[in-house]
Every structure is written in C-alpha cells, then in structure tokens.
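Peer 1: These protein sequences, in sequence, are chains A and B.
Under the working numbering, the first sequence has 216 at position 190, and the numbering climbs by one with no breaks.
Under the working numbering, the second sequence has 336 at position 310, and the numbering climbs by one with no breaks.
Simulated from the structure, these hints should not be mistaken for laboratory data.
Since the model is a prediction, treat every value here as computed from it, not as a measurement.
It is possible that part of the hints are untrue.
Identical copies look the same in the list; a pair holds intra-copy or inter-copy alike.
[Claimed, not checked] Straight line, CA to CA, 20 Å or less: simulated SDA-like cross-link-like pairs of lysine to any residue:
(1) K377 to N320
(2) K336 to K377
(3) K365 to G345
(4) K50 to F380
(5) K363 to G345
(6) K375 to N338
Number of protein chains: 2
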Amino acid sequence: MNKNYYAILMAGGVGSRFWPLSTKEFPKQFHDMLGTGDTLIQKTFNRLATIIPKENIFILTNELYNDLVFQQLPEVTKRQVVLEPAMRNTAPCILYASLKIQKENKDAVMIVAPSDHWIEDEAAFASNVKQAFNFCETNNALMTLGITSTFPNTGYGYIEYDKISNNNIKSVNQFREKPDYKTAKSFISQGNFLWNAGIFMWSAKSVVEAYKNNQPELFALFESGIDTYNTDFEDDFIRDNYSKAENISVDYALMEKSKNVFVLPATFDWNDLGTWGSLYDKLDKDNNDNAIVNSQVLSEDASGNMIRTKANKVVVVDGLQDYIIVDKEDVLLIFPKAKEQDIKKVLQKVKDQFGEHLG
Amino acid sequence: MNKNYYAILMAGGVGSRFWPLSTKEFPKQFHDMLGTGDTLIQKTFNRLATIIPKENIFILTNELYNDLVFQQLPEVTKRQVVLEPAMRNTAPCILYASLKIQKENKDAVMIVAPSDHWIEDEAAFASNVKQAFNFCETNNALMTLGITSTFPNTGYGYIEYDKISNNNIKSVNQFREKPDYKTAKSFISQGNFLWNAGIFMWSAKSVVEAYKNNQPELFALFESGIDTYNTDFEDDFIRDNYSKAENISVDYALMEKSKNVFVLPATFDWNDLGTWGSLYDKLDKDNNDNAIVNSQVLSEDASGNMIRTKANKVVVVDGLQDYIIVDKEDVLLIFPKAKEQDIKKVLQKVKDQFGEHLG
Numbered sequence: 027m028n029k030n031y032y033a034i035l036m037a038g039g040v041g042s043r044f045w046p047l048s049t050k051e052f053p054k055q056f057h058d059m060l061g062t063g064d065t066l067i068q069k070t071f072n073r074l075a076t077i078i079p080k081e082n083i084f085i086l087t088n089e090l091y092n093d094l095v096f097q098q099l100p101e102v103t104k105r106q107v108v109l110e111p112a113m114r115n116t117a118p119c120i121l122y123a124s125l126k127i128q129k130e131n132k133d134a135v136m137i138v139a140p141s142d143h144w145i146e147d148e149a150a151f152a153s154n155v156k157q158a159f160n161f162c163e164t165n166n167a168l169m170t171l172g173i174t175s176t177f178p179n180t181g182y183g184y185i186e187y188d189k190i191s192n193n194n195i196k197s198v199n200q201f202r203e204k205p206d207y208k209t210a211k212s213f214i215s216q217g218n219f220l221w222n223a224g225i226f227m228w229s230a231k232s233v234v235e236a237y238k239n240n241q242p243e244l245f246a247l248f249e250s251g252i253d254t255y256n257t258d259f260e261d262d263f264i265r266d267n268y269s270k271a272e273n274i275s276v277d278y279a280l281m282e283k284s285k286n287v288f289v290l291p292a293t294f295d296w297n298d299l300g301t302w303g304s305l306y307d308k309l310d311k312d313n314n315d316n317a318i319v320n321s322q323v324l325s326e327d328a329s330g331n332m333i334r335t336k337a338n339k340v341v342v343v344d345g346l347q348d349y350i351i352v353d354k355e356d357v358l359l360i361f362p363k364a365k366e367q368d369i370k371k372v373l374q375k376v377k378d379q380f381g382e383h384l385g
Numbered sequence: 027m028n029k030n031y032y033a034i035l036m037a038g039g040v041g042s043r044f045w046p047l048s049t050k051e052f053p054k055q056f057h058d059m060l061g062t063g064d065t066l067i068q069k070t071f072n073r074l075a076t077i078i079p080k081e082n083i084f085i086l087t088n089e090l091y092n093d094l095v096f097q098q099l100p101e102v103t104k105r106q107v108v109l110e111p112a113m114r115n116t117a118p119c120i121l122y123a124s125l126k127i128q129k130e131n132k133d134a135v136m137i138v139a140p141s142d143h144w145i146e147d148e149a150a151f152a153s154n155v156k157q158a159f160n161f162c163e164t165n166n167a168l169m170t171l172g173i174t175s176t177f178p179n180t181g182y183g184y185i186e187y188d189k190i191s192n193n194n195i196k197s198v199n200q201f202r203e204k205p206d207y208k209t210a211k212s213f214i215s216q217g218n219f220l221w222n223a224g225i226f227m228w229s230a231k232s233v234v235e236a237y238k239n240n241q242p243e244l245f246a247l248f249e250s251g252i253d254t255y256n257t258d259f260e261d262d263f264i265r266d267n268y269s270k271a272e273n274i275s276v277d278y279a280l281m282e283k284s285k286n287v288f289v290l291p292a293t294f295d296w297n298d299l300g301t302w303g304s305l306y307d308k309l310d311k312d313n314n315d316n317a318i319v320n321s322q323v324l325s326e327d328a329s330g331n332m333i334r335t336k337a338n339k340v341v342v343v344d345g346l347q348d349y350i351i352v353d354k355e356d357v358l359l360i361f362p363k364a365k366e367q368d369i370k371k372v373l374q375k376v377k378d379q380f381g382e383h384l385g
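Next comes chain A alone, as it looks inside the complex:
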C-alpha cells in the first residue's frame, strides 16, 4: 500500500435530523444506522483502509467523541485523532490536519471524507480515489468526487464542470449552493452538474498552498504552530489558538475561490444518509415496504414506514403509512416521513420543554 496515501475522516457532526437516535452525546456516525453490525464510521474507515494504510487515516472530531472513536476504531492511535477544541466548521480543522500530515510526510496525498455517508460499491470507490490520487500526485489540483445527479434534489450543493473536456477528470467551473427546485431542474437538464458529496482529494502541498493564497489569515494562524505539531507541545498550542480561527467551510474557503479545482464523476452509488427518509430509501424493505432496523414488526395496513428500535423489540403497528417510528430508551418518535425536515425543530421543542439531555 502506498505510504504517501492519507485520509482525513470528518467525524465531528451531530446529525440532528436523525434524532432521537442521533444525539449530541452519541451522533449518527457512531451508530449502526443500517443495521449491518458496523457503525458508519467503522464502515467508512474500513472502506478507506482498502487503499490507504490504516495508520495514515486521521480522524477529525470533537473532544466529546474522543472515547467513541477509540471504542469503535480500536486500531487507531492517539496520533491519528485530531480534536477540535471548538466548533469552527471545516476549513480550520482541515488546514490543521493537513499541516500535521505535511510535516509528517511532505509527499502526502490525501482524501478528506465524511464519516457518515453510504457507499455501496467499495471497489468502484477505491478505483475512483486512486485515479484522483494519481492526478493529485502530478498536478497542483484540488479535486472532488462528484455524484451523478439523478433528480433535482434541492438539499445538495452542485458542482458545474467544464463541458468541453473529454477527460475523465473535469475542470470545475463553479460550485453552486443548494438550489431552488427550478434551478436544480435546469442543472440536471444541462448535463454537466454533479452533486457535491464533500469528498476532497489533494496533495498536502497543494492544499496548504491553496490555504496560503486564499485564506492568508487562517493560514498564518495555523502555520505559527508548525513547530509544535506532532510534538508534546501541540495540545497547548491548539488549546490556546484554535478558537481564534474563522468559522468557515472548506467549500467556501478554498473550493469556490480556487482556479485549480477538478472533479471526477463518481462511478459508485452514494447516499448522504441525511435524513430518515434517505436511510429508508437505502434499506431493504419487508413485504409491506417497511424498512426495519433491529425490530420484530407485526404490521397491519402499515406500509412505507421507517421503523427502528433496539435489537429484537417487538413493534405492532396498525394503519400507519410513511411514518418514521424510532424508539429509544427515553424517547419515542412517531412522525410522518413527509415532515422529516421538521425533526430539528421538534428536537429544539423537546429540549426546551423536557431538557437539554434529550438531544
């Protein structure tokens, strides 16, 4: 395996649209969302480990989840876990991790990937990443994997690439934020728009260069600690300085500003598992089109439901269509799938009325 290959696994999210399963204390990426026996972060780690040496996979997360990471990824060492002492979106933490990796290996090429997405075809994923890595090794490029957009989804960002190129790897014209429905439809019909899955690849050299050019202040902040990185003094520096960083996404900080951005259209099927409904879409269904994780269900006149409980709990459901039914120790949610975008609001109400500990 190529020792220059690295990964930064983004594992600091809260996944509040998967409440009540996902909570601030125990978010989505640490759950076995699909009922396969592996948590999402375990699946993602193992997928990356087919092409990247395990010891080169770094986990970027919040101090809150330090213990969960070591529990779920016992092969990971302290060196590989990069903790954000404050929530500052993706640009600061990716810069920080990139500088650490570059200091360790100046020839590093890396993938930055979410820890909580679903990818079925792992071989295609590995093949796509290798192709991108090859490109990044020889070009000063910021690369992304774009997902073939199958319908005008208004919940994703889009990547517009240069139509003219015949290469697999396309030059990116621009990133487009979540569009309205009409705009999304026009994107699809134009044929050169892909979904932005938040998967980035670049050499350490290229990404550090991009920060230097596009985010000089942020770069200066983290560059000033370079002597401490990968030493005993690193924690002190980060604790004292991290919170000074601007709260800004890597999309906005680098990708939308750089000229050397490229996209490889992914050849694998992908799902961001963003909501209970998207999880429902990915799961096998029973004879009544119910998606069931862990439960033993007796249903009558009930279809299209997403049902999840602890292992082997019996659920008797009669007369419900297209509901999310999620049961946890202290919370039971019975909620229409069509209103799943309201779950964040519901969570806020629950916390206001019954206590912060429930979210």
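Dock chain B against the given chain A, drawing on the hints supplied.
Peer 2: Using the frame of chain A, we list chain B on its own:
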C-alpha cells in the same frame, strides 16, 4: 369495624386486552393503570379496608401471582391468600374461600369483588356495601351491586330486576349475558336493567347453602375437605382435589339458578377498565384530548390518543388520531382505539411469531 365483615378479592385474571402492559407474568391488577401511584389491587384493597377489617380481606389468586400479592399488599398474611392450583373459573374458588371463611366465623358476611375495576366515589361504595351487608345479615339472600347503565354497551352482562318493588334493594328477575346492540337498547329503554359488575355480597351461610342446593357435586368436593381448611393439611387437600372441580362461573353456578337473588343499584360511578379505550375514558386529558400515563408528550395534530410509557419517557407524536400508543421495554404497540377488541388476536400472533414470553 365489624369483625363479621369479610371480603374475597378476585385477583387471578390475566387482562390480556391490556397487552402489552398487562401480561400473564404481570397482569393488569398489579399495574398502576391510572398513573396514580397505586396499583389496581392496592386501590381495591384500600377501598374495602374502609369498611372491612384488613385481616378479613382474602385475596383469591393464582400461584403465579403469590409474590406480587405480598409485594403489593405487605400487610396481608399467608392466611389471607387463597391460591387456585388450577384455572377453574369463579364458582370453585369462591366456594372454597367461603367454606374457609365460614369455618373461621360462622356469622361472616362477605363481599366478592374484582380487584381490577375503577370506582371513583369510595364513600358511596362503602355506603352501598354496608346497606347490602345489613340486608344479608338478616335475609337468606344472594346480593349484587348493579351499575346504572348509561348506554347500550354490548360488552357487559345485564341484571333485570323486579320493577314493582319500591325498595332500594330489588328482587332480581334474571341475569342476561352480553346482548346484541338491539337487545341492549331495549334493556336501557325498559329502565329496570343494570350492568353486572361482578360484585356479590352474601352471608357465608347463604352462599354455602346456595352451592349445596344448586351445585351439589361441587359442594360435596369442597365440603369433603372441611376438616383440613385453615390447618396444615389444607394445602395437600387442595392440591389433590382442586383440579377435579367443574370449570364454571359463579354467575352461572349460583346467580342464574337461585330464587333469592337481589340487587342494589349502585350510587357510584364505575368502570371495569376492560380495555385501553375504557381506561382512556376515565383518565384526565391534555389540551388535545390525549390521555397520558407516565409519558412526557409533544404532540402535533394528534388527539384522542391513549399514550402510556415508563415514567418520563418523551413521546413525540404527529398526525395520529384515536390511537393506543403503549411502550414497554420489549414491546411497542401503535394501534387504533377503534380496533381494541382485536388486541387479544394481535397478542396471539405476536406470541406465535416472536415467542410466548411476550404475552
């Protein structure tokens, strides 16, 4: 308190229409169905204890529930717990208990009462029972309390009394089993029909006499053990003989056959808590007409629901009308109130598919 007053509390039922809360292992009468802090058998015991010496209240139950009785009624002694070694309906066990009581106190008058009903006005109940006891002390009478029938319920038995009498205590013409709707309506319009609540009162002498006359075989079986009752030899006799008894209800064995049957129309409000729907009717409602026991509920467009969980569990429910939502450790039921009579069938299916332990 009158030392001749006795009670037989019927506590052997399974209450399967309250599944999943009520199970064979832990049936309805041992649950705090109303969320008041007392279980139904505790409420019933305390209600009887206002007029009957505590040590004269006997609990008739199944061996399975022996421990539950002592846990929930710690003031009760072994002498007061009469165990049926086999399920033989109400006539055998009432005869057995009556003979034991008569042997202990030949002047006993007693009430036989279910342990799992709801009675709000305890003072009215006490007053009605005393009135009936007075009558039973001086008359060879089999008495019952009849409940004023407020609508043509087809789920109850009815008691038809003699219209002509001006006394409070009426002579009974006949008992009528659960009628069809048309018949029930005609009962109501006739004005001399009451609901049979399964509450009986008589002197030990009268009830033993009635068994002797109407059920000579049953009487002979239990009379043959009279020397052993209230002695160390009783358990052996009962173990060897109880299962020989005919499986027959006291209604059928005595009340429908005897001429000396009387009814006192009850002056208290009563509910048999026979189904989740009847429990719903008795509970206080929130602003959306949901009846909630133990749960903390956030509801949207949800009304008329009967919701019960363990204490303080948060339930978020959106868009459900007139449902039974009952959550237990290993079972979650989401079921239309209108179909509550099917819960027994559902329970059977659950046991067949997922295991007997769930019922």
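Peer 1: Next, verify each hint and record whether it holds.
Peer 2: Against the structure, the hints come out as follows:
1. K377 to N320: between (26 Å within a copy, 18 Å between copies)
2. K336 to K377: between (22 Å within a copy, 19 Å between copies)
3. K365 to G345: Answer is both: 18 Å inside a copy and 10 Å across each meet the 20 Å cutoff.
4. K50 to F380: Classified as within; 16 Å inside a copy, 34 Å across copies.
5. K363 to G345: Both, since 15 Å and 11 Å are each at most 20 Å.
6. K375 to N338: For K375 and N338, only the inter-copy Cα distance (16 Å) is at most 20 Å; the intra-copy one is 30 Å.
Figure legend: structure checked against the earlier numbered hints; every hint is met.
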